[in-house]
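Each chain, letter by letter, is given below.
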Amino acid sequence: MLKVNNINVYYGAIHAIKGVSLEVKEGAIVTLIGANGAGKSTILKTISGLLRPKTGEIVYEGKKLNTMEAQDIVRSGVCQVPEGRRVFANMSVLENLELGAFLRKDKVQIKEDLEKVFEKFPRLKERMTQLAGTLSGGEQQMLAIGRAMMSRPRLMLLDEPSMGLAPLLVKEIFSIIKEINLSGTTILLVEQNAHMALSIANYAYVLETGKIVLEGPAKELAESEQVKKAYLGG
Amino acid sequence: MQKILNKRIILTILVLGLLYGSIQNLIVQGKLNPYYEINLLLIGINIMMAVSLNLINGFTGQFSIGHAGFMAVGAYTSAVLTVKLQQPFPLAILAGSLAAALIGFLIGLPTLRLKGDYLAIATLGFGEIIKVVFVNIEYVGGASGLSGIPHITTWNWVFFLTAFTVVFIKNFINSTHGRACISIREDEIAAETMGINTTKYKVMAFTIGAFFAGAAGALYAHYFYIIQPNTFNFLKSIDYLVMVVLGGMGSITGSVLAATALTIISALLQRFAEIRMVIYALLLIVIMLFRPQGLMGNKEFSLSILERLGRGEKHGSVSSK
Amino acid sequence: MKLSKKVALILVLAFLVTIAGGCGGSKPAPAPAPAPAPEKPKEILIGANFELSGNVATFGISAVNAIEMAFAEINAGGGVNGIPLKLVKVDNKSDTGEATNVATKLITQDKVVALLGPVTSTNVLGAVPVATQYKVPLITPTGTNPKITVDDSGKTREWAFRTCFIDPFQGFVGANFAINTLKAKTAAIFIEKNSDYAKGLAEVFEKTFTEKGGKIVAKEYFVTEDKDFRATLTKIKAANPDVLYVPSYYEQDGLIAKQARELGYTKPIVGADGWDSEKLLQIAGAKALQEVYFTNHYSPQDTDPKLVKFVENYKAKYGSVPDALAALGYDAAYILADAIKRAGAPEPAKIKDALAATKGFVGVTGSVSIDDKHNPVKGAVIITFDKDGKQIFKEKVNP
Amino acid sequence: MALLAVNNLTKVFGGLSAVSDFNIELHPGELVGLIGPNGAGKTTVFNLLTGVYEPTEGTIQFNHENIVGLKPYEITQRGMARTFQNIRLFSNLSVLDNVRIAYHTHVKYGLTSAVMRLGNYYKEEEEMTRKAIEFLHIFNLDRKKDEIAKNLPYGEQRRLEIARALAAKPRLLLLDEPAAGMNPQETHELMNLIKWIRDEFKLTILLIEHDMSLVMGACERIYVLEYGMIIAHGTPEEIKSNPRVIEAYLGEEVAHA
Amino acid sequence: MEDLLIFLQQLINGISLGSIYALIALGYTMVYGIIKLINFAHGDIYMVGAYVGFFAITKLNMSFIPALLTSMVLCSILGIIIERMAYKPLRNATRIAALITAIGVSLLLEYGGMLIVTPQPRAFPEVFPQTKISFFEGKVYMTNQQLVIFAVTLILMVLLQFIVYKTKTGKAMRAVSFDKDAALLMGININNTISATFAIGSALAAAAGVLVGIYYTSISPLMGIIPGLKAFVAAVLGGIGIIPGAVVGGFLMGIIEALVSGYGASTWRDAVAFGILILILIIKPSGIFGANIREKV
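Residue numbers (the working numbering), protein chains in the order written: chain A, 1 to 234; chain R, 1001 to 1321; chain S, 2001 to 2399; chain V, 3001 to 3257; chain Y, 4001 to 4297.
Hints are supplied without guarantee of correctness; some may be wrong.
30 Å max Cα-Cα, derived BS3-like pairs, lysine-lysine [what the hints assert, rightly or not]:
1) R/K1031 - S/K2373
2) R/K1200 - V/K3123
3) S/K2306 - S/K2373
4) R/K1115 - Y/K4132
FYI, nobody ran anything at the bench for these hints, they're computed from the structure.
With these hints in hand, go ahead and build the complete structure from the sequences.
Structural data, given as structure tokens:
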């Protein structure tokens, strides 16, 4: 479904991503783990068009994402849940969700999808008219995911959904991610919490200082000594 | 460490002395065209204004656009002392500076609670209020201004006061007090939790900035024969803001360079009469498009940078970006 | 984007090179040798120190346009004593310091033999000390502050002249007209706070009016930038004066007349020569100009061919009708040319003496003689408006 | 005798209680954790203690002195320092300057000696720089002293923030999610560092953290906050087995881990 | 009774002056609200709007409405061009750098305008005839033009509020204003959204320019400086970025000025207006309607 071929990304003079290639198969949950500053978020931002690779290409269902505008990437069905939630704090929950469906014109289906999101996150329905900024961290994360769902993505990119959340909430969020995946959305997950990420993913990549150092089925990686030592605290 | 510092100080004194001596020599011999002299003096006055505003805007991060108001206070106070009360010029300069500092302190105390654009508009408002006050005092000539001010300001006065301003503010910045101001710019809350009395330092920066603006005003008044409130309107404040931004917020040498460059450009553009301001406007836009961080960013131009560059080292503590 | 940035960079560089080049050319020789003046100079350099940018640029540009036109006419007629005049035009940003700066430049760098401008009194006061120091005559076409030509001790300033009406006479005429012709017992004065012209006129008007038994019931102020005078006019109207004296320039005057009438003030309004402009009618409308009188130097019905020609030429050249500042600037240029001619040689001291001796010079703003205080002596007329807003002659007053 | 005694602390924001009836006591040398779900009011407690917010009700006794109503800088001067959840370094300044600013309260030379370069200016500046470098050495940052703070990698920024807080010579150190964004290995190192500085500097430490390995491994006592109120308090073992805490915060797995 | 009538007249004077400030402040606050830029050139776009209206009426013989629309359309385009050329490249630079550029644009429009249309003031033709309305036996007056400006201000305020809060473009604007990257991830075209903001803001300025031109009859290249400054102050007074705030701030400024001129000393007017502004800011640091945002610590 998504193929990243040997991309190089720079921040000014800093070479942030050095020749990374990865693949996401339709229907899978693929995770990208690694230390802070390894370049995980940079890869996601490059896929969704916020950054441009200097060389290499990103192919999604035959289309070259690396030359497309961000809004066209969203239109083609790739949507990112950004790190730190980034909900529109000065707008209501409902307006946030409506913005998720910004590019869609199918009013009827939008309504249906809205109901689906509320079904999944009943708490959002309760707080429909509340300003997003007044939600707690966990609720904001739910809103960010719900907002992304509103664009009907076929590939959802999640950036650190567990960051700064209480253990109980982390669990809840991950089970929701699993559910979203089961209902047909492919997922590329970037996570600090390697333990949780590997527990729900099918396939995983390990990133270190801008390079992929390890990849394999999630279960295998979870057992690997190297990963255990560095990322699982074992 | 101590040794390098001394070497730098000696070098600086040498360069300044050379600059002073050569120009003083030209003046004494009558070889300096009076027009160049005017513009040299204007450069000095503008450097004082830009550097003192940079302390407030660039180093302490308090967005002030009423600096011409302090200049007005200094100009009027000193002129009243010399014209109406027949006091000596040094006393007039000091009184003008102190009066401006006092006004700066009084204005700073309540307004520095405000942030960003709100502070900017409040300082702009104060600048305009100061202007209106002078318009309404007939004792100092009201709107038509105070004329007949003796022509006392000379190259000596301007040179030494400008040098004093720059050295004072540079030393201030490189002390714990200056670092306290900079930390406010960087993160006010963190500064406060580091034990820094942010109000005190904001007001301090504001007061010192106003003090030197007042001194610059006194020099200005005693060079140009007449002062009127409208000379110190918000467009004048904007002129100084432009110098600070163009030179680089948080760079003293940047302010000095920009004040010099803009004064010269302004003089060169006099001959272009009607299109003068059009050229000036285009220049502003283009410079900002190419160097939005200003000529110097927040770096300082110093001989030691050249030295280190010469040795092929990366310059350290002041490099950013 | 990249490309346009490059283009912009090249443009700026080109600019700077041009400017630097221009500057290099004018650098004075390190030691200006006192070369003996040539028999007949190629051209006579006159400095124009005017407000071409800043808040009173409108006035400065008007005046300088008329001066350039006058110079072109003079040169077309063979110049002065066969030598063409050349205007060195410089902007002073409507700033007093800059006016000093520019005056110094004109005298010491460009070596002009006489200075014209600036237009506002304050800026003139910034330039007069420079003219005095370097002994070059300065003529302001419009600066009305008495201090321009007379210093604090009452002594006439040797090098400073003006060619505009001095305030006292016009204010005096205005007040007499209000009392005698309009039979006013009470008056209100509406003064432009930051204009020496308005302040001077108002002062004399008030003095004359009260001396003759009238009473000033309201004295209010505005600033040049104002466009809405309703609040103050409401206050003035409440004081119920028989006459309202507004000695300003036509843009504000027009708005004041219009707004006063809108607020139901129907009594006479009296003004001074600043009211004289074709734009006044467009701004105020004919209805607002009923019962409006102003003092001026010449009458519109006086079909002086000189004036008609001036108005036509100005219109043709600049696409707009000349205002009072243009007329005054035009006359200043001719008075200067006349003085140079009489001086015999384009030397500052001789020009100064010739200027001081100006007698009965007939310009577009009337006949001008320079008195011992370096002020012009002119006659005055009173103008009013017919129902279409056309200026009509009311009465003539002589000094 | 308690170093910090908080009684009945309450903070109301626009009608909503962010913190209510909060009581806590810290003794010298203790390392105590404050945990709870997002939005429970943990950071608000820190802001109340450090004077960033003023409490609606309640008292805060620090070192036998009531500090309610004091400005943040006054509280810092009395010996309390903190770090922030979202790192707040002086990001355009060098690593060294970040630490030197923290010494501010201990500088004795005045404005005159600063601008005139008189008296003890050079001596104190040199002394301060020397001490700052020593400090950076402890945190293994001395080789980066001239680096601009914002260019440091994340983990080092966290360390620098702690170093900066310690340079203010506090008796009580408040750490707000110091392990956020760190991987398990880094977290483990951080835990050791925190324990070490507590012993080395004879500090009392209160920390907010979601990473249970850190909290359970380092803290002697833990307070659990939910909806602005303390719902549990005790040793790590007690907290792990407290059903209310499991329900509100930990979830089954962590408790059994 | 007499005094009361005078007070009423002063109130009308103040509100009519305030309507003009409000009208200009609307565009100011709108642009600020979305991209946090003090668009210093706003007052000058207002001037350009007045001139476009003037030439449309005098040279092209248009009637009022077509002239107004022409001016609004041309100024929208001007606004977009200015944004693209002068502000867009600085989107990621410091805000003060953008402010300096805005000052540059402002000077360029003022003095470029002076070169093109001459500095002389021009008289706006009377395109809709003025009628005087008087009450209380001719003791209190107002004109139909004052009423029109007042009504247009209120209508535009409501319209703007509707656009920003109820339309898709408005939602996009608010999203862009809050978080550009997050807005991009929603598929919002940032450039188009900002252009739309400038287009609307500039069209509002143009409308104000034409109306004020008709109302005061005189226009000049520097006419935008003072009203621009006052309108900005009005916007800050009401809480910058908040649309009804701009209108309330504008009215407040107008009324304060009228009352100071009418009952105090007219020469202290600006000082009192600024003094009240500062006082309000000290009491309520983000303006009358501004939410006091607590900084997240």
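Practice problem: May I ask which of the numbered hints given earlier this structure violates, with the numbers listed in increasing order? | Solution: 1 and 4
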